[in-house]
Amino acid sequence: DTAVSQTPKYLVTQMGNDKSIKCEQNLGHDTMYWYKQDSKKFLKIMFSYNNKELIINETVPNRFSPKSPDKAHLNLHINSLELGDSAVYFCASSLSYGGTYNEQFFGPGTRLTVL
Amino acid sequence: AQSVTQLGSHVSVSEGALVLLRCNYSSSVPPYLFWYVQYPNQGLQLLLKYTSAATLVKGINGFEAEFKKSETSFHLTKPSAHMSDAAEYFCAVSDGAAGNKLTFGGGTRVLVKP
Numbered sequence: 001d002t003a004v005s006q007t008p009k010y011l012v013t014q015m016g017n018d019k020s021i022k023c024e025q026n027l028g029h030d031t032m033y034w035y036k037q038d039s040k041k042f043l044k045i046m047f048s049y050n051n052k053e054l055i056i057n058e059t060v061p062n063r064f065s066p067k068s069p070d071k072a073h074l075n076l077h078i079n080s081l082e083l084g085d086s087a088v089y090f091c092a093s094s095l096s097y098g099g100t101y102n103e104q105f106f107g108p109g110t111r112l113t114v115l
Numbered sequence: 116a117q118s119v120t121q122l123g124s125h126v127s128v129s130e131g132a133l134v135l136l137r138c139n140y141s142s143s144v145p146p147y148l149f150w151y152v153q154y155p156n157q158g159l160q161l162l163l164k165y166t167s168a169a170t171l172v173k174g175i176n177g178f179e180a181e182f183k184k185s186e187t188s189f190h191l192t193k194p195s196a197h198m199s200d201a202a203e204y205f206c207a208v209s210d211g212a213a214g215n216k217l218t219f220g221g222g223t224r225v226l227v228k229p
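One line per chain: the protein sequences are A and B, in this order. Everything in the first sequence is counted per the numbering used here, starting at 1 for the first residue and increasing by one. Everything in the second sequence is counted per the numbering used here, starting at 116 for the first residue and increasing by one.
A few of these clues could be false.
As the list claims (entries may be wrong) - Pair ranges (Cβ atoms, derived):
(1) A:GLN14 to B:PRO145: 21 to 29 Å
(2) A:ARG63 to B:SER124: 39 to 47 Å
(3) B:LYS173 to A:GLU53: 22 to 30 Å
(4) A:SER96 to B:LEU135: 31 to 39 Å
(5) A:HIS73 to B:LEU161: 32 to 40 Å
Said to hold, decoys possible - Short, incomplete list of chain A residues facing chain B, as computed with Cβ under 7 Å:
(6) PRO8
(7) TYR10
(8) LEU43
(9) ILE56
(10) PRO69
(11) ASN102
(12) PHE106
As the list claims (entries may be wrong) - Calculated lysine-lysine pairs in the DSBU-like style (CA-CA distance at most 30 Å, straight line):
(13) A:LYS44 to B:LYS183
(14) A:LYS9 to B:LYS183
(15) A:LYS36 to A:LYS71
(16) B:LYS184 to A:LYS44
(17) B:LYS173 to A:LYS40
(18) B:LYS173 to A:LYS22
(19) A:LYS71 to B:LYS164
(20) B:LYS183 to A:LYS40
(21) A:LYS40 to B:LYS164
(22) B:LYS173 to A:LYS41
No lab work stands behind these hints, which were simulated from the structure alone. Don't be surprised by glycine CBs; every beta carbon is placed ideally from N, CA and C.
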């Protein structure tokens, strides 16, 4: 029944490691997003994909690499993790991205802690 | 470029009292505006949205917001607070283009006192 799901929910790792977060949506949407929420609850978009193609790439270190194997999945891979990467990462999806605004549905978040 | 300012990072209200959360936006084009709620350790849930139809928008859980272009505001209200309204509230803006990205305000945490 879950519309937008993320795994894992919690991720604790050491500095320098590489980790991935997975996101899946079963809404039949074409567009998916990654947002980062920092320790002060500030939310900022990182990436957006439409039908497997990158359409938004905000100023994010190139250690972050999104991958969309199909339009229902958008994974986030992070290389050489740093302390500052500790945050909650939210995946979202919408029907499409152009023209009239399309509501975004958010996943439950993945809390990443880098030690 | 778009931006959102939420006045007050924390708001404390008594149960049964009016909830008023302030949001001002900046956008070079007619905006789409949203209020999201985040309960502890959960994702974001859409409360309501303004997409250029009626300026007074009703949402879920008894919340409503009024779009005022002259004041570039989209304040959120609820006539009577309930304990279950304790959460973090985010105002967000999109121009409908630029990849449909949402730009969020800093959030307002609502505490409801019995």
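Could you tell me which of the hints above the structure violates, numbers in ascending order? Going through the list in order, the structure violates hints 1, 2, 3, 5, 6, 7, 10, 14, 18 and respects the others.
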